[in-house]
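In order, the protein sequence lines correspond to chains X, H and W.
For what it's worth, my numbering labels the leading residue of the first sequence as 1, then goes sequentially.
For what it's worth, my numbering labels the leading residue of the second sequence as 1, then goes sequentially.
For what it's worth, my numbering labels the leading residue of the third sequence as 1, then goes sequentially.
Please note that the accuracy of each hint is not assured.
Using 25 Å as the maximum straight-line C-alpha spacing, the simulated BS3-like pairs for lysine-lysine come out as follows [unchecked claim]:
#1 W:K130 / W:K141
#2 X:K178 / H:K258
#3 W:K48 / H:K258
#4 X:K349 / H:K258
#5 X:K349 / X:K267
#6 H:K354 / W:K33
#7 H:K354 / H:K258
#8 W:K124 / X:K19
#9 X:K33 / X:K19
#10 W:K170 / W:K149
#11 W:K108 / W:K98
#12 W:K217 / W:K272
#13 X:K33 / H:K354
#14 W:K108 / X:K19
#15 W:K98 / W:K130
#16 W:K124 / X:K27
#17 W:K170 / X:K27
#18 W:K149 / W:K130
#19 W:K130 / H:K354
#20 W:K124 / W:K217
#21 W:K130 / W:K33
#22 H:K354 / H:K266
#23 W:K217 / W:K170
#24 X:K27 / H:K354
#25 W:K98 / X:K19
#26 W:K149 / W:K124
#27 W:K98 / W:K33
#28 W:K124 / W:K141
#29 W:K48 / H:K354
Read the hints as simulated data drawn from the structure, not as lab findings.
Please read all numbers here as calculations on a predicted model, not as lab measurements.
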Amino acid sequence: MTDLSQNASPTDGSQARLKRIRAGLGKRHAREKRFRLYGIVAIAAALTFVAILFAMILSKGLPAFQQATLTVPVTFSQELIDLEPRPVRESGQSAADFRAADLRWQRDVTLVNWNRVVEDAVRSLAPGSEISSRDLQSLIDSAERFKLRDAFVANPNLLGQTVDMQLLASANADNWLKGNINRDLPDSQQQLSAPARALADELYADGNIRMAFAWHIFTNTDSRSAPASAGLAGAFMGSLYMMMVVIVLAVPIGVASAIYLEEFAPKNRLTDIIEVNINNLAAVPSIVFGLLGAAVFINYFRLPLSAPIVGGLVLTLMTLPTIIIATRSSLRAVPPSLRQAALGLGASKTQTVFHHVLPVTYPGILTATIIGVAQALGETAPLLLIGMNAFVASVPGSPFDQSTALPVQIYLWQGNENRNFFEARTSAAIIVLLALMISLNAIAIFLRSRLERRR
Amino acid sequence: MNSWMVALLLLAVLSLAYQQGWSLSRRLATPEGRLHSRPAYHGSLVAIWTIAPALVIFGLWALFGTSASRAFILANLPAEIVDTGGAALQSAIQRVRAIASGFGVAGEVQPYEAAAGEALRRFQLIASATVLAAAAAFAGVSLYFARRRIATRLRARNEVERLVRYLLLACSGVAILTTLGIVLSLVFEAARFFTFVSPIDFFFGTVWNPRFSTTGAGSGQYGLLPLLWGTVMVAGIAMFVALPIGLMTAIYLSQYAKPRVRSIVKPMIEILAGIPTIVYGFFALVTVGPALSAFGASIGVDIRATSALTAGIVMGIMIIPFISSLSDDILRQVPRAMIDGSIGLGATQSETIKRVVLPAALPGIVGAFLLAVSRAIGETMIVVLAAGNSPFLRANPGEPISTVTVTIVNQLTGDQDFASPQSLVAFALGLTLFVMTLFLNMAALYIVRRFREQYE
Amino acid sequence: MTNIAKSENTDMNMSSGPFVDVANTPKQQRAPKARVTAQNVNVFYGQKQALFDVCVDVPDRSVIAFIGPSGCGKSTFLRCLNRMNDTIEGCRVEGDIKLDGQDVYDPKIDVVELRARVGMVFQKPNPFPKSIFENVAYGPKIHGLATNKTELEEIVVTSLRKASLFEEVKDRLHEPGTGLSGGQQQRLCIARAIAVSPEVILMDEPCSALDPIATAKIEELIDELRANYTIAIVTHSMQQAARVSQRTAFFHLGLLVEEGPTETIFTAPNDKRTQDYVTGRFG
Numbered sequence: 001m002t003d004l005s006q007n008a009s010p011t012d013g014s015q016a017r018l019k020r021i022r023a024g025l026g027k028r029h030a031r032e033k034r035f036r037l038y039g040i041v042a043i044a045a046a047l048t049f050v051a052i053l054f055a056m057i058l059s060k061g062l063p064a065f066q067q068a069t070l071t072v073p074v075t076f077s078q079e080l081i082d083l084e085p086r087p088v089r090e091s092g093q094s095a096a097d098f099r100a101a102d103l104r105w106q107r108d109v110t111l112v113n114w115n116r117v118v119e120d121a122v123r124s125l126a127p128g129s130e131i132s133s134r135d136l137q138s139l140i141d142s143a144e145r146f147k148l149r150d151a152f153v154a155n156p157n158l159l160g161q162t163v164d165m166q167l168l169a170s171a172n173a174d175n176w177l178k179g180n181i182n183r184d185l186p187d188s189q190q191q192l193s194a195p196a197r198a199l200a201d202e203l204y205a206d207g208n209i210r211m212a213f214a215w216h217i218f219t220n221t222d223s224r225s226a227p228a229s230a231g232l233a234g235a236f237m238g239s240l241y242m243m244m245v246v247i248v249l250a251v252p253i254g255v256a257s258a259i260y261l262e263e264f265a266p267k268n269r270l271t272d273i274i275e276v277n278i279n280n281l282a283a284v285p286s287i288v289f290g291l292l293g294a295a296v297f298i299n300y301f302r303l304p305l306s307a308p309i310v311g312g313l314v315l316t317l318m319t320l321p322t323i324i325i326a327t328r329s330s331l332r333a334v335p336p337s338l339r340q341a342a343l344g345l346g347a348s349k350t351q352t353v354f355h356h357v358l359p360v361t362y363p364g365i366l367t368a369t370i371i372g373v374a375q376a377l378g379e380t381a382p383l384l385l386i387g388m389n390a391f392v393a394s395v396p397g398s399p400f401d402q403s404t405a406l407p408v409q410i411y412l413w414q415g416n417e418n419r420n421f422f423e424a425r426t427s428a429a430i431i432v433l434l435a436l437m438i439s440l441n442a443i444a445i446f447l448r449s450r451l452e453r454r455r
Numbered sequence: 001m002n003s004w005m006v007a008l009l010l011l012a013v014l015s016l017a018y019q020q021g022w023s024l025s026r027r028l029a030t031p032e033g034r035l036h037s038r039p040a041y042h043g044s045l046v047a048i049w050t051i052a053p054a055l056v057i058f059g060l061w062a063l064f065g066t067s068a069s070r071a072f073i074l075a076n077l078p079a080e081i082v083d084t085g086g087a088a089l090q091s092a093i094q095r096v097r098a099i100a101s102g103f104g105v106a107g108e109v110q111p112y113e114a115a116a117g118e119a120l121r122r123f124q125l126i127a128s129a130t131v132l133a134a135a136a137a138f139a140g141v142s143l144y145f146a147r148r149r150i151a152t153r154l155r156a157r158n159e160v161e162r163l164v165r166y167l168l169l170a171c172s173g174v175a176i177l178t179t180l181g182i183v184l185s186l187v188f189e190a191a192r193f194f195t196f197v198s199p200i201d202f203f204f205g206t207v208w209n210p211r212f213s214t215t216g217a218g219s220g221q222y223g224l225l226p227l228l229w230g231t232v233m234v235a236g237i238a239m240f241v242a243l244p245i246g247l248m249t250a251i252y253l254s255q256y257a258k259p260r261v262r263s264i265v266k267p268m269i270e271i272l273a274g275i276p277t278i279v280y281g282f283f284a285l286v287t288v289g290p291a292l293s294a295f296g297a298s299i300g301v302d303i304r305a306t307s308a309l310t311a312g313i314v315m316g317i318m319i320i321p322f323i324s325s326l327s328d329d330i331l332r333q334v335p336r337a338m339i340d341g342s343i344g345l346g347a348t349q350s351e352t353i354k355r356v357v358l359p360a361a362l363p364g365i366v367g368a369f370l371l372a373v374s375r376a377i378g379e380t381m382i383v384v385l386a387a388g389n390s391p392f393l394r395a396n397p398g399e400p401i402s403t404v405t406v407t408i409v410n411q412l413t414g415d416q417d418f419a420s421p422q423s424l425v426a427f428a429l430g431l432t433l434f435v436m437t438l439f440l441n442m443a444a445l446y447i448v449r450r451f452r453e454q455y456e
Numbered sequence: 001m002t003n004i005a006k007s008e009n010t011d012m013n014m015s016s017g018p019f020v021d022v023a024n025t026p027k028q029q030r031a032p033k034a035r036v037t038a039q040n041v042n043v044f045y046g047q048k049q050a051l052f053d054v055c056v057d058v059p060d061r062s063v064i065a066f067i068g069p070s071g072c073g074k075s076t077f078l079r080c081l082n083r084m085n086d087t088i089e090g091c092r093v094e095g096d097i098k099l100d101g102q103d104v105y106d107p108k109i110d111v112v113e114l115r116a117r118v119g120m121v122f123q124k125p126n127p128f129p130k131s132i133f134e135n136v137a138y139g140p141k142i143h144g145l146a147t148n149k150t151e152l153e154e155i156v157v158t159s160l161r162k163a164s165l166f167e168e169v170k171d172r173l174h175e176p177g178t179g180l181s182g183g184q185q186q187r188l189c190i191a192r193a194i195a196v197s198p199e200v201i202l203m204d205e206p207c208s209a210l211d212p213i214a215t216a217k218i219e220e221l222i223d224e225l226r227a228n229y230t231i232a233i234v235t236h237s238m239q240q241a242a243r244v245s246q247r248t249a250f251f252h253l254g255l256l257v258e259e260g261p262t263e264t265i266f267t268a269p270n271d272k273r274t275q276d277y278v279t280g281r282f283g
């Protein structure tokens, strides 16, 4: 190898060298190809996971939006519905007394044997059948009798009339008709009795049971006794209230602290600590925020359990660092020349920031807000610790009412014992949640491109 | 008092005060004596000073009004009812309030109830009138003084700006308060837990069996180690899945992919990052777990559907985009010149990546790795659904396990008797988790920061 | 200002017939033995053409300098010679570049081998984040030039000696290369390039990031290396070109305006633009 140093005979030396280099080339290129292949395989794997996840959710969830629905002629027969007319408020009666009387009447309405009304209606479709009432009622969702009651309360004139109504089939009937349950299982393992299954098939064949779009997923609240009619309305409102709290609190506070830290704060130890602190806070596990909520908001301030206001506060604290960090980086991206131009014209520091710097960063702040809100929307763990996993069968009227949230509803539904039915229902809820998140992001992208074009 | 009415009233006062400051300062402006600040600033200053005292008064009333009226009701109820306490007292207070509001109550109204209700009505009337009057008086006085201060030389703008700055400072204090709140509540509640169970038994115990709070306090065993082991195992499996895939993805996207491919593939992978963890948990429970179990059966290995393996693999999938986008950022910061230097010497691209780019980016990637680990040990929903919740020291990843986060959820949901060790242990666990992630985050942030400074 | 305007004018005229200009270069002035020959090289970045029909020969064991104002294409041309332009997205090279009679852009040519034969030193010193020793050993290691440790050490020491760096760093061979001064870093990069013993070394403004003393050292080094290597250097500084090169090529707006012995280019250029540039009227 002396030729390397002396270079006495360039051609000989370089020939030997070239030989060595060429000898290794094949292996090196093979290694290069392999390495590149690893990269492609990794990407393919990641994309496959995305694909499998979405395929699984969609294939399981989409059928849940179609639900077995029975169209029956319902007779509000006088015999069964034996009631006094609804009370009217008399003069001199206190509001409380009237309400008590009205409630009494409504209770009486509820005590009517609506199951019988339902049963008679269904039986009229299968006149020859000798099915027992228990088996027959197992075909219809148990909450559907309240639909009849509500129709009657809304219009007492229905008494004695027969009208066509749509009733949801029970979860078990839905499973049977969709084939979610193995049809070859022996009777002992079937949820429905043999006559009920036969009747369901017959009604389906006749077209009396159809698969109809399940609007009630969006309009009903959760239900344990009547799984077929369980819906997302309560969870949706709960999530909506929480997101409102997050937007009202996290965005102004986050943007204000970002402005302070980026534009006004003197560079000293204190701001250094705040900076490190915010970065750390962004990486604190979400469940720790739940513990904070449980200890401080619930246990110390005695705020109500399961209330969206508390959930909103916890999520606000959790989202704050995200918004601060993103806003700061978009403030940092504003060229210093803009600030200098404004300051040079005699604007004060505050005027410069609020009139010139901030408007430029609106798209960035907007994106940060939506990323933060989307993150908060999907968060589950901290909400479990502040009692939002309670079963709530009503739509919350205010952020202080008991409520649950969309991701928590998913958590509750996946744990339901009726796996055959709730696997699909859970996937449907996931579809709703993901659709919300995707549309939030789409709105962000749209608004951002509009805002950026205007500049 | 209707809160909407109050808000409307405050708004009216606000605009009145602003208008006063604005017009007054405007009248002062003459060609000789120019205003220091524009009228709008004078208006804002007057408005702020006018509204602030009123806001404080309403705020105090909102905070203490309810307890004041409660105290008043208690004072007006017969002693024997007050003494019974509990639900009976609660309902009595409710009834008195309902009577006072004029809505009335169902059923017979006791004379003492009627009297208390009437007294409460009067009290509320007087109280709200007082609050209103006080607020109005303070607002009036401060309006007067604020108006008197208006002069051409008053530096209204500077004052307003200073107030705005204080407001901004207060906002950035919220983040500090949050950290303080987390630390204090965790330490305080954990300390309460350690009055039941000694820290040694907690940190070094190998058995986790807290029993139920109804069976009596302090009767369970609270060994942290099985939970910690489960956490470490799941996080380890997750990193084992996520690191190679995430890193190779980042390498391919940052070094090989054409801009077009990159602009399509990168957002698609980042979709994974936006999916809520509960969805991953469900995915693990319904798809991955059974698939793994079937796969295990086909090769003769017993893998449970809910196990450390299931949770770990799915958590790994969740972390892929986290690692890939952090590493991608870091790999792209390796100077082009350095890569050119290697290519110019005749190195192939993979040689350049392995021998130059990765060593140069190593600190940053280590930082990203630590952040990912911190995320993995703090992740909750996937393990709640898919790890099987079985707090035993087990080495086989095919068996169910439990983790710190799962146990926090288990101990704090359902029965909410806050004072029992069964609930309080959640805070000791939370403290452990917080300290672990804090160290990981600090180390990661420090390393990444140093790395950035090196190439900037 | 007027000069610039004028030069732009001439250029407009020229762009209509670039062929004429190159053909004007007197044949006899070409170096007799060329290591690298370039014929009608056109380079495009996407739609934009950066080089127009450039023809240059790089003579064996001497230094050729490429000079010209910023953006004239001299660096682009240099990077064609070892196909570094391949790494730039959307870059397309047409024409004929030959190393020892072999077409560099022939699909059968292995770029890895080509770059081992045509080394490169960059504008900014770019040592790897490794020790000084590892920096120099990098090339021999990847190409498998050393069969054992002693051989590798020998190559490293020789290369550092040739780059006149050995004496300065011999006590800290295992400290990071990034800890050296700018001039030392650049010499380290030269040593790194030499370690592969390339036949041709391309230098892309190697002194632009260095102070005058470091620059002088590098220039001295280039002069020494000339005995064993064929060197092409891109430089901003005409003085540097005059000091280190035997031949000089002047580029302007993607055209090779003139090429010839350095002395001729600086004292009696044929072209008006070359004259304007070397006399400092623009650039």
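Going down the list of hints, with the structure as the test:
At most 25 Å may separate the alpha-carbon atoms for a hinted pair to count; K130 (chain W) and K141 (chain W) meet this at roughly 14 Å. Taking the CA atoms of K178 (chain X) and K258 (chain H), the gap is about 47 Å. The hint is violated against a cut of 25 Å. For the hint pairing K48 (chain W) with K258 (chain H), the CA-to-CA distance comes to about 20 Å; that is within 25 Å, so the pair holds. A hinted pair counts as satisfied when its Cα atoms are at most 25 Å apart, and K349 (chain X) with K258 (chain H) does not qualify at roughly 44 Å.
For the given pair, K349 (chain X) sits about 16 Å from K267 (chain X) by alpha-carbon distance, which is consistent with the 25 Å threshold. Taken as a hint, the K354 (chain H) and K33 (chain W) pair is broken in the structure, with Cα atoms around 40 Å apart against an allowance of 25 Å. Proposed proximity of K354 (chain H) and K258 (chain H) is supported: the alpha carbons are some 20 Å apart, at most 25 Å. As the CA atoms of K124 (chain W) and K19 (chain X) are separated by approximately 32 Å, the hinted pair breaks the 25 Å bound.
Simply put, K33 (chain X) and K19 (chain X) have alpha-carbon atoms about 22 Å apart, close enough for the 25 Å limit, and the pair holds. Taking the CA atoms of K170 (chain W) and K149 (chain W), the gap is about 17 Å. The hint holds against a cut of 25 Å. A distance of roughly 13 Å separates the Cα atoms of K108 (chain W) and K98 (chain W); the hinted pair therefore holds under the 25 Å criterion. As the CA atoms of K217 (chain W) and K272 (chain W) are separated by approximately 33 Å, the hinted pair breaks the 25 Å bound.
Note on K33 (chain X) and K354 (chain H): the hinted pairing holds, with a Cα-Cα distance of about 14 Å set against a maximum of 25 Å. With a C-alpha separation of about 17 Å, the suggested pairing of K108 (chain W) with K19 (chain X) holds against the 25 Å cut-off. With a C-alpha separation of about 34 Å, the suggested pairing of K98 (chain W) with K130 (chain W) is violated against the 25 Å cut-off. Distance check on the hinted pair: K124 (chain W) and K27 (chain X) sit about 32 Å apart at the alpha-carbon level, beyond 25 Å; violated.
With a CA separation close to 34 Å, the supplied pair K170 (chain W) and K27 (chain X) exceeds the 25 Å bound. The suggested pairing of K149 (chain W) with K130 (chain W) holds, with an alpha-carbon distance near 18 Å, which does not exceed 25 Å. With a CA separation close to 13 Å, the supplied pair K130 (chain W) and K354 (chain H) stays within the 25 Å bound. The hinted pair formed by K124 (chain W) and K217 (chain W) meets the criterion: a straight-line CA distance of about 16 Å does not exceed 25 Å.
A C-alpha spacing of about 39 Å is found between K130 (chain W) and K33 (chain W), which places the hinted pair above 25 Å, so the restraint is violated. Only pairs whose Cα atoms come within 25 Å are accepted, and K354 (chain H) paired with K266 (chain H) is accepted, the gap being roughly 22 Å. Restraint check for K217 (chain W) and K170 (chain W): the C-alpha separation of about 18 Å stays at or below 25 Å, so the hint holds. Using a Cα cut-off of 25 Å, the hinted pair K27 (chain X) and K354 (chain H) holds, with the two alpha carbons roughly 16 Å apart.
A C-alpha spacing of about 20 Å is found between K98 (chain W) and K19 (chain X), which places the hinted pair at or below 25 Å, so the restraint holds. Of the supplied pair hints, the one linking K149 (chain W) and K124 (chain W) is violated, its CA atoms being roughly 30 Å apart against a limit of 25 Å. Restraint check for K98 (chain W) and K33 (chain W): the C-alpha separation of about 13 Å stays at or below 25 Å, so the hint holds. Under the criterion of a C-alpha separation no larger than 25 Å, the hint pairing K124 (chain W) with K141 (chain W) is consistent with the structure, at around 23 Å.
As the CA atoms of K48 (chain W) and K354 (chain H) are separated by approximately 34 Å, the hinted pair breaks the 25 Å bound.
The structure shown violates the earlier hints numbered 2, 4, 6, 8, 12, 15, 16, 17, 21, 26, 29.
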